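Enquirer: Here's the letter readout for the chains.
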Amino acid sequence: MLGLQKLLGARRMPWVFLIPNLTAVLLFSLLPVFINIFYSVTGSDRLFPQERPYVGAANYETLLDCGNYLDPSTCSRDLFWRALGNTLLFVPVQVAAMIGIALFTAICINRDIRGRGFFRGIFFFPVMLSPVVVALTWQWILQRNGALNGLLTAVGLPPVNWLVLPDMAFFWSVFVTVWAHMGFFTIILLAGLQSIPRDVYEAAKMDSASPWRVFTRITLPMLKPTLLVVFILCVIRSVQTFDELYVLTGGGPGSATILIVQFIYETGFAIQPRNFGLAAAASLLLGAVLLVFTVIQLRLARGRSYD
Amino acid sequence: MSMKLAAIVPGTALGLLITAAAHAQQITVQCDDLGFGCDTMAPVVERFNQEHAGKTVKLEKVSYQTIVEALPVQLESGEGPDAAIVTDLGGLSRYYLDLTPYVDAAHFEQEFGRTLQWLRGSNPDGEAINGMPTSLTVNGAYVNLTLFEQAGVPVPQEGATWDEWAEAARQVADATQTDFPMEMDRSGHRFASFAISHGAELVDDEGNPVVDDGLRTAIEKFVEWHKNGTMPLDLWGAVGGSTHRELFTDFLNANVVFYFGGSWTLNQMDTEVGDLFEWAVVSAPCGPSSCTVMPGGGALVGFRHTDNPELVGEFINYIAQPENYKEIIAASVEIPAAASLIEGGVDYPSASERTREALATFTNQIPKMAPAAYRFQGWRFQRAMMNALTTRISQVINDELTVDAALERIKQDVELAMDAAKAGNQ
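Line by line, the protein sequences are chains A and B. Counted from 1, the first sequence has number 902 at position 123 by our numbering; the numbering is strictly sequential. Counted from 1, the second sequence has number 252 at position 219 by our numbering; the numbering is strictly sequential.
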């Protein structure tokens, strides 16, 4: 090492230590992005690059060909736009619900209540389940002859076909995904809450501060760094949502719950012949949208750090 | 001396091992455990291995989903088993090995001539033998006879139309407080029967998608049945995309009068319903154009990338021998694909009398199938059309599209898939 340092100089040595990580990032992050770009500008249902003719921007043109971008039915690939629209609605609703409920739950189980350990386990339990198991369980609960309708009819209420009505199906999509992943974020927020010094709360108590004032003036500001991490993780998870909904609703009824990842999967892998080029183009367009959101997030994070 | 011996013996043994390994041939055959699959083929495969010293056929049992989704990706990357039982017959055609030099071609033409073209993909008029059709499946209708009896409604006879069946099923459901009169799997294959019997062509002789008045009539009627409660919204209404969904449990639990599914659930009916209620498989309901159902089935095919094409051919030829083939078909309780067995019939020692009758009814539909049904089944872009049908019809049921818009979209979807495939052939 010393010999190498003599050869390169001390200032260049950090780059030597970065080589393993840089190699991994190049191979497993950047290379797939370039491969994806290559596929998005080539056509055919073939996998090997040499069998894929260059088609230029044809895949992007197919996806972006729209009479009116606010009306998916005027678009050449209407399902792409429906999926994009659903995703843009699903992500903020799900993230807000997820963080709100996870924060409320974390505050509850942070208090000195009886059976606190049990509740912590209960809330975390769904996180350990396979997404397909989650979806099949809720399908069993929500279907026409499911457990929920069994309860309703037992108390004399008419059964509801929960997954047939578009709005209801969207609600359950959010509900099921929040239920499945909330525990993970609850644990992170709980750790954040426990890192807030107790004496701050004791001082507030001595000043007779109301619970709401304590929450808004102490808890929230001191939890901001943790909340930011949770927010970013939550948005990433939300945009990636696929498996639970694919099994639960298949994107239906109609196209009410189809999300962008399902469109990409079906186009590239489920429908014969497989259209890898169109799927790659759709994923890159999604990447562009996410990039915009990431920049906004980073700006917000930077602003907050100066608070 | 002993030192020399000690050197020679292991050396010779190693040499013999290498030579034997060089001559030993092994192939892997991927199959699932349903019907004509790994379980029912196993005794015949074992016999083959015993009769062919130095040659080994290894069965690799996987799920049906693996064959549908993972196998095509393996094949596209030049990997995968040497042979497999597949159901996307035309869609995978470019990976198939031409078995003509290795099998009794005349026997194959005589026994499987009508369905061999399904394996030829974009060249259906060619003469290549790309595999051996294993069994035929036929979609069709199961009827709860007990509910008909309780309602006092006569069961429509052979030749009854879809409308007559719908009307009768509605009367039965009303009289017996059954949840729904009719159900159909959410599957483009099932819907194709309905559409073709209403005059839809779906694909023409040149392999172009056809969207015609027959298809329009079928979609309109199908949507209306979902709106007026003849069919439940749980399948075609509640689900989106290309997802396959079925609720055969509704029929098993006597919650539906008429269920349009397929011959592959006969064993399930036999074992799970038994004598709990009277049921029957009925002849294909008729539309204005024909009384057709859709054929389907699997095929044992070899793949081009194999290192042992001769052994693949020899093995498939062995399975196709009448005594071996008949043994597997009888064990799998499925409809044979071989002409001589369709005509002569098969004994199914493990099946009940009712199941045998149902199998006979399914088999009787084969001669009545419309040419359009055969053409559609053998079309390379059949799955693209079927996916478009399920997606777009569900959208019409949910008022996202009009029937006209859906027809336009179905055509666009298939043409886009065809363009993608054509680009690969440039």
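Quick caveat, the hints were computed from the structure, so don't treat them as lab data. All of these numbers come straight from a predicted model, not from anything done at the bench. Treat each hint with caution, since some may be false.
To be verified - Short, incomplete list of chain B residues facing chain A, as computed with Cβ under 8 Å: (1) Gly240; (2) Ala363; (3) Ala364; (4) Glu448.
Unchecked claim - Simulated restraints, written as ranges between beta carbons of each label pair: (5) A:Ala933 / B:Asp437: 40 to 48 Å; (6) B:Ala438 / A:Phe1021: 26 to 34 Å; (7) B:Gln59 / A:Ser852: 48 to 56 Å; (8) B:Ser155 / A:Gly835: 22 to 30 Å; (9) B:Tyr97 / A:Ala803: 44 to 52 Å; (10) A:Ser852 / B:Ser383: 27 to 35 Å; (11) A:Arg893 / B:Glu305: 31 to 39 Å; (12) A:Ile816 / B:Asp158: 34 to 42 Å.
Glycine included, C-beta positions come from ideal geometry on N, C-alpha and C.
Enquirer: Which hints from the list above does the structure break, by number from lowest to highest?
Expert: Result: hints 1, 2, 3, 4, 9, 10, 11 break, sorted rising.
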